[in-house]
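If you're matching them up, the sequences are chains A and B in order.
Each residue of the first sequence is one higher than the one before, starting from 1 at the first, in the numbering used here.
Each residue of the second sequence is one higher than the one before, starting from 1 at the first, in the numbering used here.
Don't read these hints as lab results, they were simulated from the structure.
Any given hint could be a false lead.
[Claimed, not checked] Okay, derived cross-link-like pairs now, BS3-like style, lysine-lysine, Cα gap no bigger than 25 Å in a straight line: (1) Lys-21(B) x Lys-47(A); (2) Lys-51(A) x Lys-39(B); (3) Lys-107(B) x Lys-51(A); (4) Lys-39(B) x Lys-205(A); (5) Lys-22(B) x Lys-47(A); (6) Lys-5(B) x Lys-55(A); (7) Lys-109(B) x Lys-47(A); (8) Lys-21(B) x Lys-51(A); (9) Lys-107(B) x Lys-313(A).
[Stated by the list, open to error] A partial selection of chain A residues facing chain B, derived with a Cβ cut-off under 8 Å: (10) Gly-39; (11) His-42; (12) Leu-45; (13) Tyr-59; (14) Leu-131; (15) His-134; (16) Asp-206; (17) Gly-212; (18) Thr-230; (19) Tyr-306; (20) Leu-316; (21) Arg-321; (22) Thr-325; (23) Cys-338.
[Said to hold, decoys possible] Here are the in silico distance ranges between beta carbons for each label pair: (24) Ala-175(A) x Asp-72(B): 51 to 57 Å; (25) Lys-63(B) x Pro-178(A): 55 to 61 Å; (26) Ser-162(A) x Asp-25(B): 51 to 57 Å; (27) Asp-40(B) x Ile-35(A): 32 to 38 Å; (28) Glu-4(A) x Arg-58(B): 54 to 60 Å; (29) Val-13(B) x Gly-120(A): 28 to 34 Å; (30) Pro-178(A) x Val-13(B): 35 to 41 Å; (31) Arg-50(B) x Asp-23(A): 20 to 26 Å; (32) Ala-336(A) x Thr-102(B): 51 to 57 Å.
The C-beta atom is built at its ideal place from N, Cα and C for all residues, glycine as well.
These are the residues of each chain, in order.
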Amino acid sequence: MGREIVIPFGPQHPVLPEPIHLDLVLEDEMVKEAIPSIGYIHRGLEKLVEKRDFKNYVYIAERICGICSFIHSVSYCQGIENIMEITIPDRAAYLRVIWSEYSRLHSHLLWLGLFADAMGFENLFMTAWRLREHMLNDMEETTGGRVIQGSCKVGGVRCDISNDKLASMSAGLTAIEPELSEMAGVFLEDETIDMRTRGVGVLSKDSAWDLGAVGPVARGSGIALDARMTGYGAYEHLDFSPVVISGGDCYARCRVRVEELFTSLDLIGQAITMMPDGDIEVPVRGNPSGEFFSRTEQPRGEVVHYIRGNGTKNLLRHRVRTPTTANIPGLVQMLAGCELANVPVIVLSIDPCIGCAER
Amino acid sequence: MTIEKQTTVVIPVDLLLDEVKKMHDAKYRLVQVGCGQFKDQIEINYSFERDLVFSNLRITIDKETQVPSVTDLYHAAFVYENEIHDLFGIGFFGISLDYQGTFIRTKDKHPFYNTINKEDSLRPEEEGS
Chain A
1 MGREIVIPFG PQHPVLPEPI HLDLVLEDEM VKEAIPSIGY IHRGLEKLVE
51 KRDFKNYVYI AERICGICSF IHSVSYCQGI ENIMEITIPD RAAYLRVIWS
101 EYSRLHSHLL WLGLFADAMG FENLFMTAWR LREHMLNDME ETTGGRVIQG
151 SCKVGGVRCD ISNDKLASMS AGLTAIEPEL SEMAGVFLED ETIDMRTRGV
201 GVLSKDSAWD LGAVGPVARG SGIALDARMT GYGAYEHLDF SPVVISGGDC
251 YARCRVRVEE LFTSLDLIGQ AITMMPDGDI EVPVRGNPSG EFFSRTEQPR
301 GEVVHYIRGN GTKNLLRHRV RTPTTANIPG LVQMLAGCEL ANVPVIVLSI
351 DPCIGCAER
Chain B
1 MTIEKQTTVV IPVDLLLDEV KKMHDAKYRL VQVGCGQFKD QIEINYSFER
51 DLVFSNLRIT IDKETQVPSV TDLYHAAFVY ENEIHDLFGI GFFGISLDYQ
101 GTFIRTKDKH PFYNTINKED SLRPEEEGS
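Bound-form chain B, shown alone (with noise of 0.2 Å):
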C-alpha cells in the first residue's frame, strides 16, 4: 500500500499572502482551506496539491485575529473563508466575495467554536482503552 507523503509548513500569519503567493506562482491548486479549535488556538491549514504531492500550509491564531484573505490569488478560497467566518467566528479581511454571516445558516452564532468537550476528548484514562 502506498502511503502518501504529506508537508506541513507552520507560518506567522503575517507571511500567509506571501507563502500563498509562492504556490500560486508554483502552480499548486488550492485543494482546502480547513479549521478548528485546539484548547484556545485557532488553527487553519491551506491545502494545496501540484502533480499529486499534498502540501499543507498551516497557521495558528487566536479568535481575535484577522486573518488576510487568499482570494485575490485563489478565488475558490472565498467558500472556505465563508465557512470558518461562519462556523468559528474568524475575521477574513480582503475577500473578493463575502457573504457576510450569511452563507450557512445556522441557529446560533459561530457553532464551531468553544464546543469542544475538552473532559471528553483530552480524558487521560481512556488511552490505551
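Same shape as in the complex, but just chain A (with noise of 0.2 Å):
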C-alpha cells in the first residue's frame, strides 16, 4: 500500500474554464477521494430577485451563465408565464426554440474544443472554435448578442427574425454541416482521442441515476433523460428524440455531445420551415402570484428555475438548480479510482459550469 497524499486541483487550473477546488486524497497514483468545494465567484444573483422588479429581472437570470445565458432567461420568462397562465405568441415559441438551439451549438462547439485543448489537440481546438463562430454571427445578426441575447422577455421575445434571414440562416447551416461532420469524424475516431477517453471516468447507468446525473452525462451512460421531451415551448411540435449512448466514459459524454450538434440543426430546420407568422409578445399585466418549477434542457442538462411571487413586483424567491450541481455527485464517484493523470479530462467531460453553479 502506498502512502496516502492530498492534491489541490484547482481552482487555477490549464483545464478550467472556472474555478472549483477539488482535493484529491492520492494513493501513489490513484484518486482514492475527491472533495469538492465551491464558492469563488459566488455572486447572490438569487438574492437579487428580492430587490428588482421581476420584469427586469430576466436580465440578471439570463446573466447566470455566459454560455447557456439564453436559456437561462427562457427558463425564468416560463417559470413566470406559466404562474401568470400567460400564453405567448406561437411565433415567439418558435424563435426560443431557434436560439436555444443555436445557445446548445455554440455551447457545444466550444467545449469541444476546450476538450481538445486539453489533450493538447491545438489544431481541432481551433476547427471547433471557428465553426462556433458561424453560431455566434448568427445569433449577434439576430439579436444583437453574441453569448448575451438580451431577446427574451416575460410574455414572449423583443425581436422577430425575418423570414428571409430564416432562409438565409438555414442555407448558411446547410453549408457548414459537412465540416461539423468532418471535425464530428475526428473526435470519434481519431485514435488518441479514443486512448485517452474510451474506459476513462466510467460512470454506469444505474449509478447515473442514483446520482441524478443530468444531460450528456446521464445521456453517455445510457439513460433517456432530456426536459426538452416534456414538450416545453415549440418543442412538443417538433419531432425529437434525445441522443443516448451507452458507455457512460468520457468518450460516450464526447459522443452525446458531437451527435447533439446534428441534432440542433435539423430542429433548427424544422422550427424555421415550420415558423408561424404573427405577433412576438403579448402585453403582460400584473405580478404574478405563485409558484412554479421551470424546467428547460440547456447544453449541460436540465435546469430548474423555481420561482416564487406574493403578487408584488418582487418575486419572494428564485432558485436556480443547475445541471452542474445535479452532475457533481456523479463526477465525485467518476474521480474515486482514476488515476491522478486521467483528472482533467474526467472533470472536463462533464462540461462545469460553476458561474451557473455558484449563481
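Need the complex rebuilt from these two chains, each delivered in its own frame; the hints are there to steer you.
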C-alpha cells in the first residue's frame, strides 16, 4: 500500500475555465477520493430577485451563465408565464427554440474545443472554435449579442427574425454541416482521442440514475433524460428524440455532444420550416402570485428555476438548480479510483459551469 | 403551449424519510432539493420526477430543526444538503457525505439566512405596479 497524500486541484488549473477546488486524496497515482468545494465566484444573483422588478430580472437571470445564457432567460420567463397563465404567441415559442438550439450548438462547440485543447489537440481546438463563430455570428445578427442575447422577455421575445433572414440562416447551417461532420469524425474516430477517453471516468447507468446525473452525463450513461421531451415551448410540435449512448465513459459523453450538434441543426431546420406568422409578444399585466418549477434543457443538462411570487413586483424566491450542481455527485464517483493523469479529462467531461452552479 | 402539471405535498418533518422512501421505491428520480426562507420559516422542497411527471414534497421548519438526511435513499442529495447547510445554516443528521461546512466557501456564515429585505419584497403599495 502506498503513502496517502492530498493534492489540491484547482481553483486555477489549465483545464478549468472557471474555479472549482478539488482535494484529491491519492494513494500513489490513484485517486481514492475527491472532495469538492466551490464559492469563488458566488454572486448572490438569487437574492437580487428580492430587489428587482420581476420583468427586469430577466436580464439578471440571463447573466447566471455566459454560455447557456439564453436558455436561463427562457427558463425564467417560462416560469413567470406559467404562474401568470400567459400564453406566448406561437412565433415567439419557435424563435425561442431557434435561439436555444443555437446556444446549444455554440456551447457544445466551445466544449469540444476545450476538450481537444485539454488533450493537446490544438488544431482540433481551433477548428471547433472557428465553426462556433458561425453560430455566434448568427446570434449577433439576429439579437445584437454574441453570448448575452437579451432577446427573451416575459410574454414572448423582444425581436423578430425576418423570413428572409431565417432562409439565409437555414442555408448557412446546411452549408456548414459538412465541416461539422468532418470535425465530428475526428472526435469520434481519432485513435489518440479514443485512447484518452475510452474506458476513462466510467459512470454506469444505475450509478448515473442514483446520483441524479443530467444532460450529456446521463445520456452518455444510457439514460434517455432530456427536458425537451416534456414538450416545453415549441418542442411539443417538433420531431425530437434525445441522443442516448451507452458506455458511460468520457468517450460516450463526448459522442453525445457531437451527435447533439446534428440534432440541434435538425431542430432549427424544423423550426424554420414550421415558423408561424404573427405577433412575437403579448402584453403582461399585473404581478405573479404563486409558484412554479420551470424546467428546460441547457447544453449541460436539465435546469430548474423555482420561482415564487406574492403578487408584488418583487419575487419572494428564485432558486436555480443548475446541471453542473446535479452532476457533481457523478463527478465525485467518476474520480474515485481513477489515475491522477486522467483527472483533467474526467473533470472536463461533465462540462462544468461553475458560474451557473454558484449563481 | 403545454402547461406542466406539478404537485406539491406538504408533510411534517417526521414523515420525511417515509415519504421519500415511497418516492424511491416507486422509482422516482430526485431532481433537486431547494430551500427558501419565508418570514421566519424555512421551506425545503424535495422535487422528484417519473415519466416526465413532476412532484414535490415540502417541509416547513424553523432554523433550529434538525432535518433527517435522505442520502441513504438518494445519495445525490448530499450536494443539496451541504449547500443548504452552508447557505442557510440548516442542520442535517445522518448525511452520508458531510463536508462540515466547507462545500461552499462563504465570507459570512449562512449568508442566505435572515438577509431578506422584507420591506422591499413585501411592500404593499407596489402591488399592481
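Consistency of the hints with the structure:
Straight-line distance between C-alpha atoms of Lys-21(B) and Lys-47(A) comes to about 32 Å, which puts the hinted pair past the 25 Å bound. Proposed proximity of Lys-51(A) and Lys-39(B) is supported: the alpha carbons are some 16 Å apart, at most 25 Å. The suggested pairing of Lys-107(B) with Lys-51(A) holds, with an alpha-carbon distance near 22 Å, which does not exceed 25 Å. A threshold of 25 Å between alpha carbons decides the hint, and for Lys-39(B) with Lys-205(A) the separation of about 42 Å lies outside it, so the pair is violated.
For the proposed pair Lys-22(B) and Lys-47(A), the alpha carbon gap of about 33 Å is over 25 Å, so the pair is violated. The hinted pair formed by Lys-5(B) and Lys-55(A) meets the criterion: a straight-line CA distance of about 24 Å does not exceed 25 Å. Straight-line distance between C-alpha atoms of Lys-109(B) and Lys-47(A) comes to about 16 Å, which keeps the hinted pair within the 25 Å bound. Between Lys-21(B) and Lys-51(A), the direct Cα distance comes to roughly 38 Å. Violation of the 25 Å bound is thereby established for this hinted pair.
For the hint pairing Lys-107(B) with Lys-313(A), the CA-to-CA distance comes to about 30 Å; that exceeds 25 Å, so the pair is violated. Residue-level restraint check for Gly-39(A) holds (minimum Cβ-Cβ distance to chain B is 3 Å; threshold 8 Å). Given hint, His-42(A) at the interface with chain B, holds; its Cβ is 7 Å from that chain's nearest Cβ, closer than 8 Å. A cut of 8 Å between beta carbons decides the hint on Leu-45(A): the least distance to chain B is about 12 Å, and the hint is violated.
At about 18 Å, the closest approach between the beta carbon of Tyr-59(A) and any beta carbon in chain B exceeds 8 Å, and the interface hint on this residue is violated. For Leu-131(A), the shortest C-beta to C-beta distance to chain B is roughly 33 Å, which exceeds 8 Å, and the interface hint is violated. Taking 8 Å as the C-beta contact cut-off toward chain B, the hint placing His-134(A) at the interface is violated, the least distance being around 30 Å. Interface hint status for Asp-206(A): violated, as the beta-carbon distance to the closest one in chain B is roughly 12 Å, over 8 Å.
A hinted interface residue such as Gly-212(A) counts as satisfied when its beta carbon comes closer than 8 Å to some beta carbon of chain B; here the least separation is about 3 Å, so the hint holds. Look at Thr-230(A): its Cβ gets to within about 5 Å of chain B, closer than 8 Å, so that hint holds up. Interface hint at Tyr-306(A): satisfied, since its Cβ lies 5 Å from the closest Cβ of chain B, which is below the 8 Å cut-off. The interface hint given for Leu-316(A) holds, since its Cβ lies 6 Å from the closest Cβ of chain B, which is under the 8 Å cut-off.
Taking 8 Å as the C-beta cut-off, the interface hint given for Arg-321(A) holds, the closest approach to chain B being about 4 Å. A distance limit of 8 Å between C-beta atoms decides the matter here; for Thr-325(A) the minimum to chain B is near 6 Å, and the interface restraint holds. Look at Cys-338(A): its Cβ only gets to about 18 Å from chain B, farther than 8 Å, so that hint breaks. Under the hint 51 to 57 Å, the C-beta atoms of Ala-175(A) and Asp-72(B), about 54 Å apart, fit the expected range.
Checked against the hint of 55 to 61 Å, the pair Lys-63(B) and Pro-178(A) passes, with Cβ atoms roughly 60 Å apart. Checked against the given bound of 51 to 57 Å, the beta carbons of Ser-162(A) and Asp-25(B), roughly 54 Å apart, stay inside it. In this structure the supplied range 32 to 38 Å holds for Asp-40(B) paired with Ile-35(A), their Cβ-Cβ distance being about 34 Å. The given range of 54 to 60 Å is broken by Glu-4(A) and Arg-58(B), whose C-beta atoms sit roughly 42 Å from each other.
Remark: the range hint 28 to 34 Å for Val-13(B) to Gly-120(A) is contradicted by a beta-carbon distance near 52 Å. Between Pro-178(A) and Val-13(B) the Cβ separation comes to about 59 Å, which falls outside the hinted range of 35 to 41 Å. At about 35 Å, the beta-carbon gap between Arg-50(B) and Asp-23(A) misses the expected band of 20 to 26 Å. Against the hinted window of 51 to 57 Å, the Cβ-Cβ separation of Ala-336(A) and Thr-102(B) comes to about 18 Å, which falls outside the hint.
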